[in-house]
Amino acid sequence: MQHIEWNDFLKVELRVGKIRSAEVFSKARKPAYILHVDFGTEIGIKKSSAQITDLYSIEDLIGKLVVAVINFPKKQIGSIQSECLVTGFHNTDGHVALCVPDAEVPLGTKLL
Numbered sequence: 089m090q091h092i093e094w095n096d097f098l099k100v101e102l103r104v105g106k107i108r109s110a111e112v113f114s115k116a117r118k119p120a121y122i123l124h125v126d127f128g129t130e131i132g133i134k135k136s137s138a139q140i141t142d143l144y145s146i147e148d149l150i151g152k153l154v155v156a157v158i159n160f161p162k163k164q165i166g167s168i169q170s171e172c173l174v175t176g177f178h179n180t181d182g183h184v185a186l187c188v189p190d191a192e193v194p195l196g197t198k199l200l
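The sequence shown maps to residues 89 to 200 in our numbering.
Everything labelled a hint here was simulated from the structure, so no lab data went into it.
Because the structure is a prediction, the values reported are computed rather than measured.
Don't take each hint at face value.
Restricting the straight-line Cα-Cα distance to at most 27 Å, the calculated cross-link-like pairs of lysine-lysine (DSSO-like) are [claimed, not checked]:
| no. | residue 1 | residue 2 |
| --- | --- | --- |
| 1 | K118 | K99 |
| 2 | K99 | K162 |
| 3 | K118 | K135 |
| 4 | K115 | K135 |
| 5 | K99 | K135 |
| 6 | K163 | K118 |
| 7 | K115 | K198 |
| 8 | K163 | K99 |
| 9 | K134 | K118 |
| 10 | K99 | K134 |
| 11 | K152 | K99 |
| 12 | K106 | K162 |
| 13 | K152 | K163 |
| 14 | K152 | K115 |
| 15 | K152 | K118 |
| 16 | K152 | K106 |
| 17 | K106 | K118 |
| 18 | K115 | K99 |
| 19 | K106 | K134 |
| 20 | K135 | K163 |
Simulated restraints on C-beta separations [said to hold, decoys possible]:
| no. | residue 1 | residue 2 | range |
| --- | --- | --- | --- |
| 21 | L200 | S145 | 29 to 37 Å |
| 22 | N95 | G166 | 29 to 37 Å |
| 23 | T197 | R117 | 13 to 21 Å |
| 24 | I150 | M89 | 34 to 42 Å |
| 25 | N179 | I150 | 16 to 24 Å |
| 26 | N179 | T129 | 30 to 38 Å |
| 27 | A191 | E111 | 25 to 33 Å |
| 28 | I133 | M89 | 31 to 39 Å |
| 29 | I92 | K115 | 32 to 40 Å |
| 30 | S114 | W94 | 38 to 46 Å |
| 31 | E192 | Q90 | 33 to 41 Å |
We put the CB at the ideal spot given by N, CA and C, even for glycine.
Use the sequences and the hints to build the structure in full.
The structure is reproduced here in C-alpha cells:
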C-alpha cells in the first residue's frame with residue numbers, strides 16, 4: 089500500500105450526489121449505465137458511465153444517493169464524456185456495489 093500525505097487526500101473532491109436519471113449505455117464495450125448525478129445548485133448535474141448492471145436496475149438507481157469524485161478531468165468513454173467517477177466496491181463475485189451514505193445529507197456535501 090502506498091501512503092499519501094494529508095494534503096493529497098484534501099485535493100480529492102468526493103461529493104454526495106443523487107442519481108436523477110439513468111439509461112443503458114448501449115455503445116459501451118462492457119454492460120454499463122449512463123448516470124446523470126445531481127450534486128446540488130453549486131455543482132449541478134454531472135454524467136458518468138458506471139459498470140453496475142449486475143447489481144442494479146435503472147429503477148433501483150433513480151433517487152439513490154452516491155459518492156463520486158468530481159474533480160477529475162472529463163474522460164471520453166465510448167460516445168460520452170464522463171464528468172465524474174461514481175465510487176463503489178467489488179463484492180465477492182466481482183460485481184460493483186455502490187458506495188452510498190446511509191442517511192440523507194445535502195447534495196454536494198464533501199466527504200471529510
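Hints versus structure:
Proximity of K118 to K99 is assessed by CA-CA distance (about 30 Å); at most 27 Å being required, the pair is judged violated. The hinted pair formed by K99 and K162 meets the criterion: a straight-line CA distance of about 17 Å does not exceed 27 Å. Taking the CA atoms of K118 and K135, the gap is about 18 Å. The hint holds against a cut of 27 Å. Taking the CA atoms of K115 and K135, the gap is about 15 Å. The hint holds against a cut of 27 Å.
As the CA atoms of K99 and K135 are separated by approximately 21 Å, the hinted pair is consistent with the 27 Å bound. A distance of roughly 17 Å separates the Cα atoms of K163 and K118; the hinted pair therefore holds under the 27 Å criterion. Proposed proximity of K115 and K198 is contradicted: the alpha carbons are some 32 Å apart, above 27 Å. The hinted pair formed by K163 and K99 meets the criterion: a straight-line CA distance of about 19 Å does not exceed 27 Å.
For a cut-off of 27 Å, the pair hint linking K134 to K118 stands: about 21 Å separates their Cα positions. Note on K99 and K134: the hinted pairing holds, with a Cα-Cα distance of about 19 Å set against a maximum of 27 Å. Restraint check for K152 and K99: satisfied, since their Cα atoms lie roughly 25 Å apart, inside the 27 Å limit. A distance of roughly 19 Å separates the Cα atoms of K106 and K162; the hinted pair therefore holds under the 27 Å criterion.
Only pairs whose Cα atoms come within 27 Å are accepted, and K152 paired with K163 is accepted, the gap being roughly 23 Å. A hinted pair counts as satisfied when its Cα atoms are at most 27 Å apart, and K152 with K115 qualifies at roughly 24 Å. A C-alpha spacing of about 23 Å is found between K152 and K118, which places the hinted pair at or below 27 Å, so the restraint holds. For the suggested pair K152 and K106, the alpha carbons sit about 6 Å apart, so the restraint of at most 27 Å is met.
A threshold of 27 Å between alpha carbons decides the hint, and for K106 with K118 the separation of about 24 Å falls inside it, so the pair holds. The straight-line distance between the Cα atoms of K115 and K99 is roughly 32 Å, outside the 27 Å bound, and the hint therefore fails. Between K106 and K134 the alpha-carbon distance is near 10 Å, which keeps this suggested pair within the 27 Å criterion. This hinted pair checks out: K135 and K163 have alpha carbons roughly 11 Å apart, not beyond 27 Å.
At about 32 Å, the CB distance of L200 to S145 agrees with the hint of 29 to 37 Å. In this structure the supplied range 29 to 37 Å holds for N95 paired with G166, their Cβ-Cβ distance being about 34 Å. Distance hint check: the CB atoms of T197 and R117 are about 33 Å apart, inconsistent with the given range 13 to 21 Å. Our hint of 34 to 42 Å for I150 and M89 holds, since their Cβ atoms are close to 36 Å apart.
For the pair N179 and I150, the beta carbons lie near 22 Å from each other, so the given range of 16 to 24 Å is met. For the hinted restraint 30 to 38 Å between N179 and T129, the CB-CB distance of approximately 34 Å keeps it satisfied. Here the CB-CB span from A191 to E111 is close to 28 Å, well matched to the stated 25 to 33 Å. Distance hint check: the CB atoms of I133 and M89 are about 35 Å apart, consistent with the given range 31 to 39 Å.
With their beta carbons about 35 Å apart, I92 and K115 fall inside the hinted range of 32 to 40 Å. Against the hinted window of 38 to 46 Å, the Cβ-Cβ separation of S114 and W94 comes to about 42 Å, which satisfies the hint. One distance hint, 33 to 41 Å for the beta-carbon pair E192 and Q90, holds here, with the actual separation near 34 Å.
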